[in-house]
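Trainee: Sequence:
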Amino acid sequence: MYVKFHLTNPSILDGILVVKKQSLEQNSQTEAVRLDKWLWAARFYKTRSVAREMIQGGKVHYNGQRCKPSKTVEVGATVNLAQGYEEKEVTISKVYDKRQAAPLAQLLYEEAEHSIEKREQNAIARKNNSFFAPRPDTKPDKKQRRELLKLKSS
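Residue 4 is where the sequence shown starts when you use the numbering used here, and the numbers rise one by one after that.
Rather than coming from a laboratory, the hints here were simulated on the basis of the structure.
Quick caveat, the model's predicted, so the values are computed rather than measured.
Don't be surprised by glycine CBs; every beta carbon is placed ideally from N, CA and C.
Every clue listed holds true.
Think about it this way: if two alpha-carbon atoms lie no more than 30 Å apart in a straight line, the pair counts; the simulated DSS-like pairs of lysine-lysine are: (1) Lys130 to Lys142; (2) Lys145 to Lys155; (3) Lys74 to Lys101; (4) Lys62 to Lys91; (5) Lys130 to Lys91; (6) Lys121 to Lys74.
Label-pair restraints from in silico Cβ distances: (7) Leu151 to Asp100: 42 to 52 Å; (8) Asp140 to Ala115: 37 to 47 Å; (9) Thr81 to Leu152: 36 to 46 Å; (10) Gly87 to Asn131: 14 to 24 Å.
The whole structure should be built from the sequences, with the hints applied where relevant.
Mentor: Spelled out as structure tokens, the structure:
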């Protein structure tokens with residue numbers, strides 16, 4: 004269940020974000036941060052274990068190469084990663100190992116322009132593809148499901 008908050012004074016939230024941003028900048032000089040921990044802190048993946056699985060599965064590339072979850076990240080490095088249907092190319096701008104609010108997490112990286120354009124094009128294509136895809140009137144029955152499975156497995 005999602006709850007919407009209506010702030011009577013939005014400057015309070017801005018003040019909190021400014022304070023946290025300053026603490027993020029002060030603590031961004033952490034020397035060694037693992038790649039899986041940085042991906043988790045930058046909010047690309049919900050848990051470190053999911054980030055680790057994606058790295059080990061080859062869905063994350065550090066400077067164009069596959070790597071291990073324990074790889075230490077450096078400012079200026081390029082990370083290519085997959086999130087569901089989306090593929091992103093980001094450049095690390097800050098190194099931080101603690102998970103923060105989403106607006107602060109976005110300060111840890113910069114996404115490449117061509118990556119943003121490609122994601123938008125893919126989203127439009129997915130939307131159009133699902134719109135024009137034929138939909139059956141009813142669900143397949145047992146015999147039809149078996150035939151579909153046979154087609155997919157062959």
